[in-house]
Each structure stands twice: as structure tokens, then as C-alpha cells.
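Colleague: As they're listed, the protein sequences go chains R and C. Going by our numbering, the first sequence runs without a break in its numbering and finishes at 395. Going by our numbering, the second sequence runs without a break in its numbering and finishes at 1155.
Since the hints were derived computationally from the structure, they do not count as laboratory data. Do not rely on the hints blindly, as some may be mistaken.
The calculated label-pair distances, taken between Cβ atoms and stated as ranges, are [claimed, not checked]: (1) C:1004 - R:371: 36 to 46 Å; (2) C:909 - R:182: 29 to 39 Å; (3) R:355 - C:997: 23 to 33 Å; (4) R:330 - C:1017: 25 to 35 Å; (5) R:252 - C:997: 24 to 34 Å; (6) C:1003 - R:123: 57 to 67 Å; (7) R:355 - C:881: 39 to 49 Å; (8) C:1143 - R:376: 32 to 42 Å; (9) C:871 - R:381: 54 to 64 Å; (10) R:381 - C:1148: 35 to 45 Å; (11) R:166 - C:881: 51 to 61 Å; (12) C:1136 - R:191: 48 to 58 Å; (13) R:287 - C:1050: 35 to 45 Å.
Every value quoted in this text rests on a predicted model; they were computed, and no experiment measured them. By construction, the Cβ of each residue, glycine as well, lies at the ideal position given by its N, Cα and C atoms.
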Amino acid sequence: MRLSKGTKTLFIIVSVLFGIYAITLVFPFLYTLNNSFKTNAEFISDVWSLPKKFNFDNYIEAFEENNLLNMFFNTIFLTACGTFLSIMSASIMAYVLSKYKFWGSSLIYTMAIIFMVIPNLGNIAATYKLMNNLGLVDSLPGLLVLYMGPFGSTFLLLYSFFKGISWSYAEAAKIDGAGNFTVFFRIMLPQARAGIGAVGFMVMIGVWNDYYTPFLYLPSMYTLATGLQDLSTQATTTGAYTQMFAAMVISIIPLLVLFACFQKTIMENTVAGGLKG
Amino acid sequence: MKEKVKHTLSTPSGDKLWKGDKIFIVLMIAIPMLHFALFTLYVNFDSFIMAFQDVDYTAEVNTLKWVGLDNFKKFFTEWGENDLWMRAVINSFGYLPVTVCVMLPLSIFAGYFLYRKIPLSGLYKILFFLPSIISIVVLAIVFRNMFDASIGPINWILENIFKMSKDDIPNWLVDEKYAMWILYLYAIWAGIGYNVVLLFGAMTRVPTEVIESGRLDGVGIFREMFQIFVPIIWPTVSTMIIFGVTTIFTQYIHPMVLTSGNGKTYTIAYLIISKVNQGRLYYSAALGIMLIVIALPMIEFTKWLTGKIYDTVET
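Make the full structure from the sequences, and use the hints.
Modeller: Following this line, the structure appears as C-alpha cells:
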């Protein structure tokens, strides 16, 4: 369809407006990256200039002084195990509830839906008390327990996903002598891998970036999120800005690389994710 | 979500469960259900109990005692003492117009122009999406740095290009006159991209015949945007409205990472969490109960209301 002159002009104006917003998104990161190569004195005297020479001292110091390696380890451990456990827990419930009718199955489903509606802010205090009584505060496994909750938007998506997979595959396998476990792990899970992958990626980003849970339940250990937040508060008093910039750059790189590799799939899943509304 | 109903519930082994099936089910759901029982059922039940309890500080060993409505009374006393709670309520409710009246129309607008493939729309789609994969802590730090009084580019520009004197330039995130507005700005800056991509996605699923017949009738761009697209993608739009209402009660992360509540930027949820952090668990539980009692009807009412508008439209 041909565009009229007026529409074309409008499109260009809007494109420029979008461009301005895009610059506000990118500029802060360029500012961070550029200044991460400067010495602190150089940065304070002029925040705009390009670094005189690219020195990686800040990056080395960030690793040596700030325990960045430790933060990385904690974050990677929590993300890997937390995502796995959370997805397993949600898929199991979604699969069993969507495919098996048993005593109490519809009650479980109804209760899950009802409790999803209640904002869990109401029970932070009780959750904290329970975690404390179970001795799970300030331990990495404790956080994993929190990530393991089966019911959430993940469950809803996977539930409709498993519903859509025909049971005849399972029947065929059962005739060949496969048991329930084989059917689930060998047939159903692989069939649902597209859905699980999409949901899993969102869970993964969520855990990697999670600030609130480690802030409350991991007071004496650092993940990247809580560690960086502390570094930035320290920087305002110590003035060690450029080191913090380096630490920030390092922390974003893994997600950016991941996004660059799977950009198309991630975007498509988000675009399709609108369906869940 | 509607198509879900169409599938009939298939029972795997006919109508009857075999013994093997039962063992399988029990083994599979044991751990998730234990989690649900402890961290959802018990915790909700205990929240309710805790709201009427407190630690008995007079006893030698830590014991609990029933305090009736004391925790609730404490809230009203605190409310009267200073403007802490009043500000928190105002700040929290401010998120509603910010998300529904500013962010949502802007997102529809932006999503529409991405759909129309304006110049560079492919690049913008990717850039707009970036904030949703970057850690909120990192986003908050870079955003805060922009507004920083000593190292921030914004104050530098105001001082050196607009020649404002240093004393006239506010310390944005500390000054209580501006801090909350900067938080709202952050909400839009960091949150709009995800909405734009979602709305864009919903628009691509609208049948092209509908759009084309509208164009043959000479429908202009803005009528097309709001009179053709919005009704058809209403489920996505209404999800965002419902989210906007929920945000009033669940927004704690912005003050937490941007200001730590300084500059009177606390929200209701932020205060409830900070009470937990201060170890005042039982008081916090009472606050949580009050929050749920107010939030649930409001959220459900919004769901009902958004369902009423355009309820004939199927997607």
C-alpha cells in the first residue's frame, strides 16, 4: 500500500521521537562503559571525555577487591538450579493436573488459581518467619526452596501447553510397555520443550536479576544484584565510581551475549506471550 | 486463555486410575504439593494468626502472646504521628495514573507505529526490549547516575549549557519535591519498552482484512489506532490496566533500588517490607492483611470492569 505524503512525514517524525527515547536508553550504558576505562581522578575531572588510554585496572580491581567472582558464582549457581527446580516443579504439577483426573485434582487446581490472585506481599512476614524456623535464611539452598514454588504464571502457561499435547502418543508408548515415568520424561517433556524453553528463559532472567529475594533472605552473601547495589551505595561515599562501572559492565555482558544469540526466539516468545492475557 | 476450555479433559488410562498411576501421581506431586502446603497454605494461614500476635518482650524466653487488635491500632497511631503513611499511600496510588494514563496510551501509540513499520522499526523493537532483560539494579544505577548531583550528565548540562547556577539545580533523587517524580519517570523509562513489544505482538495477530476494510472506508491513523486496534487487542490492553492497579499495592522495588526510601519516596509495599527487615514481623503481618483486604476487591473490580468493556470481542 502506498503511503500518502502526510503519513510519510508523520512516520519520520515518530521515528525521530523513537530515536530520542532509544538514545536515552543507550546513553547511560555508553556513559558507564566509557568511564569504566578511566581512572577515578580522570572521571571526576571530566565525565564526558574519552579515556586517555584504555586501562583495564578497574576490571582487574573489580575482581580482586570486590569479590565479583564470588557474586558471579552465587548468581550462576542460583540461576542454574533455581530455574531448573522452578520449571520442574511447575511442569510436574501442570502435567499431572492437565492429564490425570484423581481425587482432589480439581480442588488443587482451584486452590492454586485462588492463591495466585492474592498478592504475596501480604504474607512476607509469615514467609520470613517460616524460612527462619526452617533454618533456611542466609543459605543458597534456602533461596532455591523459595524459587521452587509450583504455581505461578509459569504453571498456567505450561498447563495449557500440556493440555494441547495429544494423549495418543502416550497410549502408543504404553502399548509398547512404557510406564508413566517413561511417558512423562521421554515423551511429554520433549514434546513440550518449545513451551518449556520459552518459559524457562523468562524464569532464568527473573532469577538472574532477582534483587528482592537475596536482599531479604541472603543478608551476608552477595549475588550480582545485591552486590552491585551495595557497590553503588559505597561508591557515593568512597568515590570509587569507575571500579563500580567496570563491575556493572562485567555483570551485564552474560545477559547481553545470551540476548544477542537468542534475540529472535526471545522476542518472538515475548510477542506471542501477549496471548496469555 | 479461552481456547483452553475446548480441550476435553483426557484421563490417561480410561476412566479408572490404575494402581501404577496412583503411585506415579503421588511420587510426582509430593514435593511441589509440600511446597504449596507450606509456602502458600500455611503461610497465608499464619499471616492471619500473626496479625493478632506479638513477641512477649516481658517474658525471659521469647514467647508469643495474643495482642488482639494492637498491631492494627499501631498502624493508625503511626498514621497520625507523621505523614509517612499518607505519603506512602499517595505515592503508591500515583503509580495508577502513571501506568494507565501515561504509559498505556504511549505504548499503544508506539506499538502501532512499530506495526506500521516506520523507518528503523526493527532496530527500535530490539532496543526497546533491552531494559526487560537487564537487571533492575543495573538499570537503576545507570539511571541514578544520570541524575546524580556530582557526576550526573543532566546537572552538568543544566549548569554548563543552560548556565543555571549550581544552587538552583536540584539534587533530583534526594529533594522530596522531585524524587517521587523521578521514580515515576523511571517507571516509564524502564517499563514502557516491554509493553510496547507486547502490544506490537497483539497487533500483528489482528486479521489484515479488518484493517484493510477500515482503510477502504478512509479511517485515519488515530481512529485506526484507537477504534479498530484497541477493541480487538483489548485482552492485552486490559491485562496492562489490571497490572496498573496491582502495581499500587506491589510496587516496592523502585524506592528500594533508586532511593532506599529517601526523599519521601516510600510506597505501601516498601514500608511493609522494611518492617520485616527491621524484625517487626507481627506488625508487618497485620499490615499485609490490611493490604490484601483493600487490594483484592480493587483488583477484582478492575478485572470485572475491563471485562465489561468490549466483552463481545473475541481474540
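Colleague: Hint by hint, note whether the structure agrees.
Modeller: Here's how the hints hold up against the structure:
The given range of 36 to 46 Å is respected by residue 1004 of chain C and residue 371 of chain R, whose C-beta atoms sit roughly 37 Å from each other. A beta carbon spacing of about 55 Å between residue 909 of chain C and residue 182 of chain R contradicts the range 29 to 39 Å that was offered as a hint. Remark: the range hint 23 to 33 Å for residue 355 of chain R to residue 997 of chain C is upheld by a beta-carbon distance near 25 Å. The hinted range of 25 to 35 Å is satisfied by residue 330 of chain R and residue 1017 of chain C, whose Cβ atoms lie roughly 28 Å apart.
A beta carbon spacing of about 52 Å between residue 252 of chain R and residue 997 of chain C contradicts the range 24 to 34 Å that was offered as a hint. Distance hint check: the CB atoms of residue 1003 of chain C and residue 123 of chain R are about 41 Å apart, inconsistent with the given range 57 to 67 Å. Taking 39 to 49 Å as the suggested C-beta distance range, the pair residue 355 of chain R and residue 881 of chain C conforms, at roughly 45 Å. In this structure the supplied range 32 to 42 Å holds for residue 1143 of chain C paired with residue 376 of chain R, their Cβ-Cβ distance being about 35 Å.
Here the CB-CB span from residue 871 of chain C to residue 381 of chain R is close to 35 Å, at odds with the stated 54 to 64 Å. At roughly 39 Å, the beta carbons of residue 381 of chain R and residue 1148 of chain C sit within the given window of 35 to 45 Å. Between residue 166 of chain R and residue 881 of chain C, the C-beta spacing of about 57 Å keeps the proposed range 51 to 61 Å intact. At roughly 40 Å, the beta-carbon separation of residue 1136 of chain C and residue 191 of chain R lies outside the given 48 to 58 Å, and the hint is violated.
At about 37 Å, the CB distance of residue 287 of chain R to residue 1050 of chain C agrees with the hint of 35 to 45 Å.
Comparing the model with each numbered hint stated earlier shows that hints 2, 5, 6, 9 and 12 do not hold.
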